[in-house]
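Based on the provided sequences and hints, a complete structural model is requested.
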Amino acid sequence: MDQALTPPGVAVAVRDLRLALPHGGDRPNAVDGVSFDLLAGEILCLVGESGSGKSMCAHALMGLLPKAVTVAGGSIRLGQTDLLAQDAAGWRDTRGRRIAMVFQEPMTALNPLMRIGDQMAEMFEAHGLLTPRERRARAVALAREVGLPDPEGIVRAYPHQLSGGQRQRAMIAMALALEPAILVADEPTTALDVTTQAQILKLIRDLQRRRNMAVLFITHDFGVVTDIADRVLVLRQGRVVEEGPAAAVLGAPREAYTQALLAAVPAMNPPARPAPDGPKTIEVAGLSKTYVTGGGWWRAPRTVAAARDVSFALRRGETLGLVGESGSGKSSVARLVMRLIEPDLGTVRLGDTDLTRLNGEGLRQARSRIQMVFQDPFASLNPRRTVGQIITDGPVAHGVSRFDAMERAVRLLALVGLDARALERFPHEFSGGQRQRIGIARALALEPEVLVADEAVSALDVSVQAQVLTLLEDLKARFGLSMLFITHDLRVAAQICDRIAVMRRGEIVELKTAAELFANPEHPYTRDLLAAVPGRARDAA
Amino acid sequence: MAGFIAQRLAKGVLVLAAIVVLNFFLIRLAPGDPAVVMAGEAGATDEIFVAQLRTKFALDQSLPGQLAAYLGSIATLDLGYSVRQQMPVATLIGERLPATLLLTGCAFLISIALGVLLGALAARRAGSLADTAITGLALLFYATPLFWVSLMAIILFSVRLEWLPSFGFETVGAGYTGLARAADIAQHLVLPALTLGLFFMAVYVRMTRASMLEVSRLDFVKTARAKGLTEGVIQRRHILRNALLPVVTLAGLQAGTLVGGAVLTETVFAWPGIGRLMYDALLQRDYNLLLGVFVVSSAMVLIFNLVTDVVYRAVDPRIEVAR
Amino acid sequence: MFKTILTGVALTLAFAGTAPAQTPGGVANVVIQPEPPGLMLGLVQNAPAQTVAGNIYEGLLRYDFALKPLPGLAERWSVSEDGRTYTFNLAANATWHDGKPFTAEDVIFSVEFLRQTHPRARGNLAKVTGVTAPDAHTVVFTLSEPFGPFLGIFEVGSLPMVPKHIYAGTDYKTNPANNTPIGTGPYMFKEWKKGSYIRLVKNPNYHVAGKPYLDEVYWHVIPDAAARAVAFETGKVDILPGGSVENFDIPRLSQAKGVCSTKKGWEYFAPISWLWLNNRKGPTANKAFRQAVSYALDRDFAKDVIWNGLGKPAIGPIASSTRFFNPKLAKYSYDPAKAKALLKESGYKGETVRLLPMPYGETWQRWAEAVKQNLEDVGIKTELVSTDVAGWNQKTSDWDYDLAFTYVFQYGDPALGVARNYVSSQIVKGSPFNNVEGYANPAVDAGFAEGAATVDVAKRQAAYDAVQTTLIEDAPLAWLLELEFPTLTRCKVHDLITTSIGVNDGFRDAWIER
Amino acid sequence: MSRAIAMTDSPPAAPPAPARRRSPLAAILRHPGAVLGLVILAGAIGAALLAPVLYPASPWRMVQRPFIPPFTLDRVPLGTDALGRDIAAGLMHGAGVSLLVGLVSTLAALLIGVPLGALAGYLGGRVDDALMRFTELFQTVPSFALAIVLVAILQPSLGSMILAIALVSWPPVTRLVRGEVLSLRSREYVQAAVVTGQTTFTILRREVLPNTLSPIVVLASLMVATAILLESSLSFLGLGDPNRMSWGFMVGAGRTVIRQAWWITAFPGLAILLTVLALNLIGEGLNDALNPRLSRER
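Listed in order, the protein sequences are those of chains G, V, W and R. Just so we're aligned, residue 10 is where the first sequence starts under this note's numbering, counting upward by one. Just so we're aligned, residue 194 is where the second sequence starts under this note's numbering, counting upward by one. Just so we're aligned, residue 11 is where the third sequence starts under this note's numbering, counting upward by one. Just so we're aligned, residue 100 is where the fourth sequence starts under this note's numbering, counting upward by one.
Because the hints were derived from the structure by calculation, they are not lab data. Do not rely on the hints blindly, as some may be mistaken.
Listed next, the stretches of chain W that the computed footprint assigns to chain V, with coverage defined by at least 3 CB atoms under 8 Å from CB atoms of chain V [said to hold, decoys possible]:
#1 37 to 46
#2 55 to 62
#3 105 to 111
#4 201 to 210
#5 242 to 253
#6 401 to 410
Calculated cross-link-like contacts (lysine-lysine; reagent style BS3-like; alpha-carbon spacing at most 25 Å) [claimed, not checked]:
#7 K221/W / K200/W
#8 K391/W / K212/W
#9 K204/W / K249/V
#10 K183/W / K249/V
#11 K78/W / K469/W
#12 K174/W / K249/V
#13 K78/W / K137/W
#14 K273/W / K313/W
#15 K391/W / K313/W
#16 K439/W / K249/V
For glycine and all other residues, C-beta sits at the position ideal for the given N, C-alpha and C.
What follows is the structure in C-alpha cells.
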C-alpha cells in the first residue's frame with residue numbers, strides 16, 4: 010500500500026482519555042489514559058479484543074457513552090473545541106455535522122418503522138438544513154453515491170426490506186449526508202457476510218479517498234485491519250499497547266501482546282493432514298428441508314430451502330467443515346443431522362442405525378452417539394443449573410448413576426482445562442471461553458462417536474478461539490471422534506478441517522480436502538468467498 | 194389487507210359460535226328460569242301461570258332443540274326475542290349499545306391517551322421524582338376499587354360541589370337537541386368515563402414506561418442521537434413510536450376487560466348500557482337477551498381486536514413479511 | 011289508625027286539601043326500581059309494572075286507606091241480598107287512550123282475558139259464574155256462592171281493564187300493542203327508553219273532569235340504591251315510591267329541607283315478612299324447634315336497626331292494618347332463654363340449617379345476618395345460602411330450604427292474601443307464594459273456608475280468630491315484621507297518596523305547587 | 100458491553116470470577132417501593148394470623164350499638180357498622196379471606212394457565228393452535244361479565260368466587276408462558292438437553308419452566324392483587340359469600356350507608372387499596388429484580 014501520508018492538520022486529538030466504569034466492574038476504568046491523533050485523510054484502526062475499550066473510545070468521540078460510564082479525565086479536541094467540555098446543544102451540533110458514526114449492527118441500527126429516505130432526511134432536519142423537498146432529493150443522491158440499487162425506490166423502502174449489506178450502505182449514506190470531516194466506524198462489517206464485508210470495506214475506503222475524510226475504524230479483526238488501515242492503534246484493557254503505520258505494526262510488531270494476537274489469527278493455508286481412513290461413522294444422503302412461511306387463505310406462501318439434496322460422509326477421526334454465508338443452510342444441516350429439526354427427505358445413518366427412522370425412546374437412546382457444541386457460550390448453558398448438573402444430566406438420562414456421572418464430569422473438566430470446583434458453580438460465574446469448554450465437556454460426557462460443532466468458536470476472541478480450536482483438535486484425536494464443523498470463517502476452517510464442503514442456498518456446491526479447496530477452488534462461489542476473506546495481503550506476505 | 198381482514202372475520206365467527214354454545218349451556222346451569230322469576234315477581238302464581246310462561250319462553254322444548262333453534266336464528270343475524278321484555282333482543286341491545294360504546298370508547302381514549310402521555314413522561318425522567326409521582330398515582334388509581342372511587346366521585350362532584358350530574362345518560366325531559374344535547378350528554382359522561390378511564394390508565398402507564406425504557410436501549414436510538422437530533426424528536430419519533438407497538442397489542446387484549454368493567458360503572462352511574470342490561474338479564478334469567486349481550490359484546494371485542502391488529506399492521510411495516 | 015309522619019315544615023299529604031289550590035301543569039320525576047319488564051298490566055304483574063301502569067290502566071274500583079271502595083271506572087255499585095249478584099254502573103264518558111269508548115263489553119272481555127293470564131285474578135274470580143252486560147254501561151257479576159271479600163278484588167293491579175278492540179281475537183302475549191299500552195287511565199304511555207326512563211303524558215280526555223293535573227310523569231330507572239338517593243337529594247327526582255331507597259337513607263332524606271314523607275298508601279298490600287320454616291323435614295319439622303326460632307328472633311332490633319324504626323313486629327298471620335286482625339292474641343317475644351329450653355325439648359342436635367335471605371337488596375341481607383346471629387346465640391347452627399332472585403324463587407318453590415325470608419302482600423282480606431299461605435290445598439310446588447312451608451291442618455283449612463264464604467263480618471271475625479290462635483300455637487312459620495315503605499316526596503307535590511295502593515294510582519289526583 | 104467484557108478468557112485454572120449476580124431477595128430489598136409493599140403485605144398477613152387471637156369471637160357478632168364512629172370508643176377503635184359489628188374485628192378477619200381468595204384463585208389460574216401455555220409453546224403446531232383458540236375464547240368473552248355469570252350459576256360462595264376468578268384470569272398466564280416457552284424452546288441449552296437425550300417432560304421441568312419462573316412470579320403477584328379487586332367488585336354486586344367476612348363484603352355492605360357512616364366502607368376500602376398497592380409494588384420490585392433488563396435506570 011502506498012503510504013503517501015503528507016502530515017496535514019490533526020482532525021481530532023485525544024489526550025489522556027479516561028473513562029470510568031461503575032463500581033463493581035472488573036476494573037475501574039474502561040479506557041485508561043488513551044491518547045492519539047486522528048489525522049485528516051487517514052484511516053486509523055483501533056484494534057483489540059473484547060473489553061479492550063476500543064468501542065468506548067469511539068463512543069466517547071460522539072458523546073454517546075452508556076449512562077453508567079463517565080468521563081474521568083482527558084480531552085478530545087476538534088478544531089477549537091474540547092468535545093468533552095461542550096453542553097448538550099454543542100454535542101447535537103457536533104453529531105452528524107462534524108463527526109458521523111456507523112454502527113456494528115445494521116439490522117438494529119435503523120428505525121424499523123421509518124422509511125430509509127426519511128431517516129436520511131432526518132440528518133438534514135436535525136441541523137435545520139434544506140427544505141423537505143431538497144432533503145428527499147439529497148437522500149436519493151446519497152443512496153446512489155453509496156451504491157444502493159434503485160435509489161429512488163429504496164428511499165421509500167423500510168429497513169426490513171433491505172439486506173444487511175444494503176442497510177449498512179444506507180447507514181453510511183446517512184453518515185455522509187452532512188459531509189463530516191470525521192467518520193467513526195464501530196465494527197461496521199462484523200455482522201456482515203464475508204463477501205458483503207469486502208464490498209463495504211471497499212466502499213468506505215473509496216468514500217474516504219473521495220472526500221478526504223478522517224476515519225476512525227474500530228475492529229477486532231486483523232484481516233480487516235490489513236485491508237483498510239493507514240495507521241493502527243492496538244488497545245488492551247483500556248490502554249494503548251502499540252501504535253504505528255499499518256505496515257509496521259502488522260509486519261513487525263514490537264510488543265509481545267501484538268505478536269501473540271497476530272500469531273493467533275489462523276492462516277489461510279491449511280496444514281498438511283493425513284487422509285483419514287477409518288470406517289464411515291456417519292453418512293448423510295439426500296437430506297432436504299424446505300421452510301414454508303406465511304401464506305394464508307389468499308396469499309401464496311414463501312418457501313426457503315434450508316437444505317437441498319445434501320449428501321456427505323464422515324470417517325472416524327475426520328473433521329468435515331461446512332462453510333458458507335448466513336442463510337446458506339449450514340446450521341440447518343447441523344440441526345437436521347442432530348434430528349433437532351425433521352428433514353423432509355433424506356437419511357442420516359449413524360453406523361448401521363438410520364437416525365431419521367428413529368422416534369421417541371429409540372431416538373432418545375441413540376442421541377448419546379452424536380453430540381453437539383453450540384455457538385453461543387451464553388445461551389447454551391441453563392443459567393439455573395450448576396455446571397455439575399449440566400454435564401451429568403445427559404449421562405444420568407442414559408442410565409448412568411449420578412455418582413459415576415460426577416466422577417466422569419471431574420475427569421472431563423480436567424480434560425477441558427477447568428478445576429473440579431467448577432462443578433458447584435453456575436454458568437454466569439465463567440467467562441465465554443470457559444463456558445465453551447463446559448459445553449464441550451457436556452458433549453463429551455456421553456462418549457459420543459460424532460461431535461457436531463456449530464460455529465463453536467465464532468463468538469470468541471481470537472486468542473481464546475485459538476485455544477479452543479487446539480482443545481477440540483486434541484480431544485478429537487484422543488477419543489477418535491468424527492467432527493462436523495460448521496463455520497462461516499474460512500480461516501478457522503482451514504486450520505481444523507480435513508475436508509471442507511462449501512454451501513450456498515441449501516446446496517453443497519463444492520466438497521474436497523481443505524488443502525485442495527484453498528489451492529484449487531473450482532466453483533465460482535468458492536472463489537468469491539476465498540477472494541473476500543480479509544487480510545489475504547498479509548497471508549501472501 | 195382485505196384478505197387478512199376476511200380471514201380474521203371468518204375466524205371471529207367461529208369463536209363467536211363457540212362462545213354461543215358455551216354460554217348457552219352455562220347459563221342454563223343457573224338455578225331458576227325466566228318463568229320462575231316472572232312468577233315470583235307477579236306476587237302470586239299457580240301451575241297454569243308457570244306452565245304458560247314456560248311455553249312462552251319455549252322452555253318446554255328439549256335443550257338441544259332450543260340450542261339448534263337459537264343457532265339457526267343467530268346464523269341469520271337474528272338475536273331472537275326477549276319474551277320477558279316483549280321485544281326483539283336486537284332492538285333492546287341496539288338501544289343500549291351506543292351508550293356503552295360511548296362510555297367505553299371515551300374511557301378507552303382517556304386511558305390510552307393519558308396512559309401513554311404519563312408513561313412517556315415517566316420513562317423520559319425515569320428514576321426522578323416525577324417518575325415516582327406518576328407511577329405512584331397510576332398505581333393508586335389501579336389499586337382503588339372502581340366502585341368505591343365512583344361512589345366517592347359522585348359524593349364529591351355531584352352532591353357536595355354540584356358540578357356534575359350523578360347518574361344517567363342525559364337530562365331526561367329537558368328536550369335538548371343538537372349541540373345542547375351533546376353538551377348535556379358530555380356532562381353526564383365525565384364522571385363515569387373518567388373513573389373507568391383512570392382505572393385502566395394505570396396499565397398503559399406501566400406498559401408505555403417499560404416499553405419506552407426498553408426501546409431507548411435499542412441501537413437505532415443511538416443512531417438517532419448520532420444524527421444530532423434533539424431529545425424531544427428522538428423520544429417522539431424514534432422511541433415512542435416503536436414503544437407503542439406493544440401498547441397497541443395490550444389495548445387489543447384489554448378490550449374484553451374494559452367492556453366487562455363497564456358493568457360496575459354502568460350500575461353506579463345508572464348508565465343505560467349493555468353491561469347493566471347483561472346483569473339484569475342474568476338476574477331475570479332472560480336467556481336470549483343474556484346470550485345476545487354476550488354475542489354482541491364478544492363481537493365488539495373481536496372487532497376491536499381486529500382494529501388493533503389493522504392498526505398494528507398500519508404502524509409496523511414489518512408485519513406483512515413476518516406474517 | 012293511620013298515622014302520618016310530619017316532617018319538616020310540611021303538612022301531611024292526606025290533608026293537603028287545606029293547602030293552596032290545585033294548579034294544573036308541571037312534570038313529576040319519579041324513581042322506578044327495578045325496571046319493569048313490561049307495562050301491559052294484564053300480562054305483567056310485578057310491583058314496578060303496577061306502580062307505573064296503575065296510572066295508565068284502571069280498575070272498576072279504588073280503595074281508601076280503610077279499604078272502603080271508591081269509584082273507579084265504576085261510578086256506582088250494588089250487592090244483592092244473597093251476596094251472589096254484584097251490579098256495577100260504569101262511567102259513561104270513559105274512553106280508551108286511542109279514543110274508542112270504554113263499555114261493559116270491555117269489562118266482560120277483561121274478565122276472560124285475566125282468567126287466562128293473571129293467576130291472582132284467576133283465584134279471585136273462581137266463584138264468578140257469569141258476567142253480563144244489560145246495557146253498554148252496566149255490568150252484572152254472578153257468583154256461585156257468597157264470597158266475603160268480593161268487593162275488594164277490583165283494584166287496578168288485581169283486575170285491570172284491558173281494551174277488547176285491541177286484544178280480541180289476537181294472541182295476547184305477542185300482540186304488538188303490549189309495547190304501547192292503551193288504558194283508560196289519567197296518563198297515556200308516550201315513550202320508554204329502556205334502562206333510562208318511562209314517560210307518561212296527561213290524558214286530556216280523562217273521564218274525571220279537571221283531572222289529571224300534571225302534564226307529564228317521568229319514571230327514572232336508576233339501578234344503584236345509593237345513586238337513587240343521590241338523585242333525590244340533588245333534585246333530579248321528586249318522588250321516591252316506597253322501597254326505592256335503602257332504609258338507612260330514609261331518615262337522612264326525609265329530614266332534608268322541603269321533603270315530606272308518608273307511610274300511607276300500602277294498606278291494600280299490607281306487606282308482612284316472615285321466615286318460611288320447612289315443616290316437612292329437618293329440625294324445622296318439629297313444632298318446638300319452630301317455636302324456639304320464633305322466640306330467638308329479636309324483632310325490635312330488626313325494626314330499630316335494620317328498618318330504622320319502620321314497621322312493627324308481626325305477631326300472627328293477619329297484618330294489624332288489615333281486617334280481622336285480633337290484637338289480643340298471644341305473641342312471641344324475644345326470649346332467648348325460652349328458645350334454648352324449647353330447643354332442648356325439640357331434641358335438636360346441632361345440625362346446620364340453611365337460611366335463605368331475600369335477594370332484594372342490602373336491607374334484607376343485613377337482616378339475614380342479624381337473624382343468623384340471633385339463631386346462633388341460642389345454639390342453632392346457621393349457614394346463609396346466598397342466591398339471586400331466580401335462585402330464591404326456584405329454591406322456595408321447590409321447597410329446597412330450611413329457613414327462608416319472604417314477605418307477602420295481604421290484598422286487604424284474609425281470604426285474598428292470607429289463606430293461600432296456610433291451607434293444605436295450596437301445598438303445590440312451583441310457587442313461592444302459596445303454602446311453601448307445607449303446613450297441613452284440617453281445622454285451619456275449614457276455618458279459612460268458612461271465613462271466605464261468609465258475608466257477615468262478625469261471623470268472619472270469629473272464624474279468623476280461631477284460625478289465628480291455632481296458627482300462632484303451631485308456628486308453621488316465624489312472623490317477623492309488618493313492613494312499612496314510606497314514600498318520600500318534595501313537599502310541593504300534593505295529593506299523591508290518596509288511596510290504599512298509594513303511588514300505583516296516585517297520579518290521578520297529584521299536583522305540584524308552583 | 101457488559102457481556103463483551105466478561106468474554107476475555109482467563110487461563111484455564113484461574114479461579115472463576117466472583118459471582119456478580121445478586122440474589123433476587125437482595126435485589127428486591129434495594130427497591131424502596133417493594134420494601135414498602137412487603138411491609139404492608141406483612142401487615143395484612145399478620146392481621147390475618149392474629150385475628151383469631153385478638154378477636155376470638157366471630158366478626159359477625161353485634162357487639163355495640165350500630166354506627167359508632169371510629170376513635171370514639173376504645174372497645175371498638177374503628178367504630179361499628181350498620182348492625183353494631185366491630186369494624187376492626189371485621190378488618191382483621193377479612194384480611195385472611197381476602198388474601199385467601201387472591202392467593203388460591205391465582206394458584207388455580209396458574210394451575211390452568213402454566214401447563215396449557217407450556218404445552219402450547221413447547222409442542223407447537225396443531226396442539227398450539229387448538230390451545231390458543233381455546234384461550235382466545237376466554238379472552239373474547241368480557242371477563243368480568245363471565246365472572247358474574249359463573250358466580251351466579253354456582254351460587255355465591257367462597258369456592259364459586261375463587262373458581263370464577265381463576266377461570267377468567269388464566270388466559271394471560273397461558274399467553275405469557277407460551278411466549279416464554281416458545282423463545283426458550285429454541286434456546287441452545289434446551290436444544291442441548293434434547294441432544295443429550297433427556298425426555299420432554301424432564302426438559303420442560305428442568306430447563307424450560309424454571310426459566311419462565313420470574314415473569315410468572317411477577318405476573319402472579321399482580322394477579323393476586325387483581326383477584327382481590329375482583330372479589331371486592333363481585334361482593335359489591337352482592338355476589339359475595341354471606342358467611343365469610345371479607346373486605347369486599349364489608350365495602351359492599353357499607354356502601355348503602357356511605358353517606359351516614361363513611362368509615363364502614365372507608366376502612367376496608369383502604370385495606371383493599373393498600374394490599375393491592377403493596378402487591379403491585381412487590382410485583383414491580385420482583386420485575387426489576389428478576390428481570391434486570393427492564394429495571395429502572397439509576
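Here is what the structure says about each hint:
no.	hint	in the structure
1	37 to 46	holds (count 4)
2	55 to 62	holds (count 3)
3	105 to 111	violated (count 0)
4	201 to 210	holds (count 6)
5	242 to 253	holds (count 3)
6	401 to 410	holds (count 6)
7	K221/W / K200/W	holds (18 Å)
8	K391/W / K212/W	violated (56 Å)
9	K204/W / K249/V	holds (22 Å)
10	K183/W / K249/V	holds (8 Å)
11	K78/W / K469/W	holds (19 Å)
12	K174/W / K249/V	holds (22 Å)
13	K78/W / K137/W	holds (22 Å)
14	K273/W / K313/W	holds (15 Å)
15	K391/W / K313/W	holds (23 Å)
16	K439/W / K249/V	holds (20 Å)
Violated hints, listed in ascending order, are 3 and 8; each of the other numbered hints is respected by the structure.
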